[in-house]
Amino acid sequence: MDIHKGDLIRWRRKDYANGIQNMQRGTIQSINDHSVKIKMLNGKTVQYAKEHPQLKFLSHAWAQTGHAYQGQTIDHIIAAMPSVSGLTTQKSFYVDISRARHEITFLTDNIERVRDTLKEQTGDSLTALDIHREKEAALEIDTKTKEPIPELERERERPQPQRGR
Numbered sequence: 028m029d030i031h032k033g034d035l036i037r038w039r040r041k042d043y044a045n046g047i048q049n050m051q052r053g054t055i056q057s058i059n060d061h062s063v064k065i066k067m068l069n070g071k072t073v074q075y076a077k078e079h080p081q082l083k084f085l086s087h088a089w090a091q092t093g094h095a096y097q098g099q100t101i102d103h104i105i106a107a108m109p110s111v112s113g114l115t116t117q118k119s120f121y122v123d124i125s126r127a128r129h130e131i132t133f134l135t136d137n138i139e140r141v142r143d144t145l146k147e148q149t150g151d152s153l154t155a156l157d158i159h160r161e162k163e164a165a166l167e168i169d170t171k172t173k174e175p176i177p178e179l180e181r182e183r184e185r186p187q188p189q190r191g192r
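If you count the sequence shown from 1, position 95 lands on 122 in this note's numbering, and the numbers rise without skipping.
These are computed hints drawn from the structure, not numbers from a lab. Idealized CB from N, CA, C, for every residue including glycine. Worth double-checking, as some hints may not be accurate.
[To be verified] Cβ-Cβ distance ranges computed for the label pairs, FRET-style:
(1) Phe84 <-> Pro109: 23 to 33 Å
(2) Gly98 <-> Ala44: 22 to 32 Å
(3) Ala155 <-> His31: 43 to 53 Å
(4) Asn45 <-> Ala90: 19 to 29 Å
(5) Val111 <-> Ser86: 21 to 31 Å
(6) His79 <-> Asn137: 44 to 54 Å
[Unchecked claim] Cross-link-like lysine-lysine pairs, in silico, DSS-like; alpha carbons within 27 Å at most:
(7) Lys41 <-> Lys77
(8) Lys41 <-> Lys83
(9) Lys66 <-> Lys32
(10) Lys32 <-> Lys71
(11) Lys77 <-> Lys64
(12) Lys32 <-> Lys64
(13) Lys41 <-> Lys71
(14) Lys146 <-> Lys118
Go ahead and model the full structure; you've got the sequences and the hints to work with.
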């Protein structure tokens, strides 16, 4: 990876010896023929020989997913939220907006569709049983009158056959 003084970086692997955590960020302070000096965002400064294997686990931190920033506060956020995506949910929206300290800008391809999707998609995981219950409930309501269909109500009340002896 090509790095320069002033680059914002993040670690993709822990460095136990220097107390660096995975996904921790810092800024390149200086680079010379022999070493790289990095000031972490927590104020700690670390220095590595240019050939140190830990430097292979750096990446630029100009952009990250909302979940990569979870638990952190960022001054200004630009969040991309596509109108058709399994990740466009109330939960992911909350993660994005709750990271910003001062300002957040949303980019999307269709604001109305995103608004509609966010009204419907909570981000909660449904089990197969939840989906079955939703479908069953939808089938039992007359779409015109919004009343239960009597034949289905009676069918539900019928005792189920007993298994065994």
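So, against the hints stated earlier in the document, which numbers end up violated here? The structure conflicts with no hint, since it agrees with every one listed earlier.
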